[in-house]
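Protein chains: 2
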Amino acid sequence: MKKRDDDKIIKIQDAVATLILTEGITAVSTIRVAKKVGIAQSNVYLYFKNKAALIDSVFQREMVKIKSAANFQQISDTSLPLTQRIQIYIHTIYTYAVADPDSLTLIQQIKFLKGENTANLVGDLAVDNLVTNLLRAGIQQKILKDLPVNLVMALVFNVVYNHSLNLRRGVYLEKDYGFAQIYPLIWDAIRVTAK
Amino acid sequence: MKKRDDDKIIKIQDAVATLILTEGITAVSTIRVAKKVGIAQSNVYLYFKNKAALIDSVFQREMVKIKSAANFQQISDTSLPLTQRIQIYIHTIYTYAVADPDSLTLIQQIKFLKGENTANLVGDLAVDNLVTNLLRAGIQQKILKDLPVNLVMALVFNVVYNHSLNLRRGVYLEKDYGFAQIYPLIWDAIRVTAK
Numbered sequence: 001m002k003k004r005d006d007d008k009i010i011k012i013q014d015a016v017a018t019l020i021l022t023e024g025i026t027a028v029s030t031i032r033v034a035k036k037v038g039i040a041q042s043n044v045y046l047y048f049k050n051k052a053a054l055i056d057s058v059f060q061r062e063m064v065k066i067k068s069a070a071n072f073q074q075i076s077d078t079s080l081p082l083t084q085r086i087q088i089y090i091h092t093i094y095t096y097a098v099a100d101p102d103s104l105t106l107i108q109q110i111k112f113l114k115g116e117n118t119a120n121l122v123g124d125l126a127v128d129n130l131v132t133n134l135l136r137a138g139i140q141q142k143i144l145k146d147l148p149v150n151l152v153m154a155l156v157f158n159v160v161y162n163h164s165l166n167l168r169r170g171v172y173l174e175k176d177y178g179f180a181q182i183y184p185l186i187w188d189a190i191r192v193t194a195k
Numbered sequence: 001m002k003k004r005d006d007d008k009i010i011k012i013q014d015a016v017a018t019l020i021l022t023e024g025i026t027a028v029s030t031i032r033v034a035k036k037v038g039i040a041q042s043n044v045y046l047y048f049k050n051k052a053a054l055i056d057s058v059f060q061r062e063m064v065k066i067k068s069a070a071n072f073q074q075i076s077d078t079s080l081p082l083t084q085r086i087q088i089y090i091h092t093i094y095t096y097a098v099a100d101p102d103s104l105t106l107i108q109q110i111k112f113l114k115g116e117n118t119a120n121l122v123g124d125l126a127v128d129n130l131v132t133n134l135l136r137a138g139i140q141q142k143i144l145k146d147l148p149v150n151l152v153m154a155l156v157f158n159v160v161y162n163h164s165l166n167l168r169r170g171v172y173l174e175k176d177y178g179f180a181q182i183y184p185l186i187w188d189a190i191r192v193t194a195k
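Chains A and B, in that order, are what the protein sequence lines are. Just so you know, the UniProt record's numbering puts 16 at position 16 of the first sequence, and the rest follows in order with no gaps. Just so you know, the UniProt record's numbering puts 32 at position 32 of the second sequence, and the rest follows in order with no gaps.
A portion of the hints provided could be inaccurate.
No distinction is drawn between identical chains; accordingly, a pair holds when it is met within one copy or between any pair of copies.
Mimicking DSBU-like on lysine-lysine, the simulated pairs with C-alpha atoms at most 30 Å apart in a straight line are [what the hints assert, rightly or not]:
1. Lys-51 <-> Lys-11
2. Lys-111 <-> Lys-65
3. Lys-65 <-> Lys-11
4. Lys-111 <-> Lys-51
5. Lys-175 <-> Lys-142
6. Lys-35 <-> Lys-111
Keep in mind that the hints were calculated from the coordinates and are not lab data. Fair warning: this is a prediction, and the values are worked out from it, not measured in the lab.
With the sequences and hints as input, model every part of the structure.
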């Protein structure tokens with residue numbers, strides 16, 4: 001039985017994600033989700049106590065994906081120089097966004113529903129304060145400008161997210177604007193520069 | 001009669017704006033707007049053919065506000081050096097956002113409803129291609145990095161908007177992080193820097 005339940009949960013979450021991505025978060029209702037999965041609406045409530053719990057589980061699923069992104073754990077590898085760890089962070093978020101812009105869209109839409117802004121949104125991307133601590137250390141060591149950490153994280157998120165949407169929509173190709181071009185936009189912004 | 005009509009239109013738009021800011025764009029309905037203004041729902045349709053037209057008029061109202069922001073016209077003053085005009089653009093958007101973060105929230109929420117992303121959103125802030133042309137000229141003259149113009153505009157918008165929300169929410173005070181601190185985050189990002 002457990003196995004079947006997990007399958008159903010995944011199908012329900014997938015249906016929620018598809019609805020958000022195709023019609024926007026306001027289109028999500030338990031009745032529409034049930035219809036998409038091909039089950040009775042009351043069955044959705046076997047797995048999720050209400051719509052909010054259902055949407056939150058989709059959010060948590062994206063968070064887990066980000067945490068398990070390649071190299072994400074290197075960010076906390078204190079044997080590496082701090083500057084390099086900050087660069088790994090930027091590269092990891094970039095790679096994740098370009099590979100899966102939908103994931104960031106889901107996160108943004110769900111946060112939007114909760115009435116939270118982008119600056120708070122990226123607070124979640126901090127994941128266990130890993131990124132917050134990294135950036136604070138960068139500021140202390142005068143590698144990074146002395147600025148509110150949530151602004152710095154929002155800048156990283158917004159640049160890579162908007163870039164990934166541009167790529168997805170064919171506004172330009174990654175061979176024309178790739179990591180080599182996007183990275184300085186972020187790095188020059190946040191690093192301490194000579195006057 | 002004309003006078004009365006205009007007053008009513010403004011009251012209806014104000015009610016829409018209040019609903020968006022307090023409960024989010026999904027809370028907007030002609031019946032709730034009518035109730036807030038104290039008129040019959042059918043009366044709303046005397047002024048706006050449907051909910052979409054109503055919401056769009058609120059959007060256009062914010063666009064007019066931005067266009068009439070102090071110094072905005074200086075951006076196109078070709079007697080000024082290009083670098084200075086770009087700096088005026090950043091300063092103008094900054095001042096506007098800090099004075100009226102609600103305006104940017106309204107714009108963002110309405111664009112969100114239309115399923116458009118932040119990069120497109122700021123396309124509207126280009127206002128008659130004024131900003132687009134300015135940034136393209138900056139790229140051509142190698143003052144600015146050769147990057148997609150919508151990414152550059154999105155960066156400016158996101159930084160000043162998130163900063164203005166931080167101020168509004170008391171995350172920090174403008175005496176601690178003001179234009180002098182926020183400006184280099186934007187300017188260093190977009191300008192051509194020495195390697």
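Hint-by-hint comparison with the structure:
1. Lys-51 <-> Lys-11: Within one copy only: 15 Å inside, 34 Å across.
2. Lys-111 <-> Lys-65: For Lys-111 and Lys-65, the Cα distance is within 30 Å both inside one copy (17 Å) and across copies (28 Å).
3. Lys-65 <-> Lys-11: Within. Shortest intra-copy distance 17 Å satisfies the 30 Å Cα cut-off; inter-copy 46 Å does not.
4. Lys-111 <-> Lys-51: Both: 14 Å inside a chain and 24 Å across chains, each within 30 Å.
5. Lys-175 <-> Lys-142: between (33 Å within a copy, 21 Å between copies)
6. Lys-35 <-> Lys-111: Both: 25 Å inside a copy, 29 Å across copies.
Against the hints set out earlier in the document, no violation occurs for any number.
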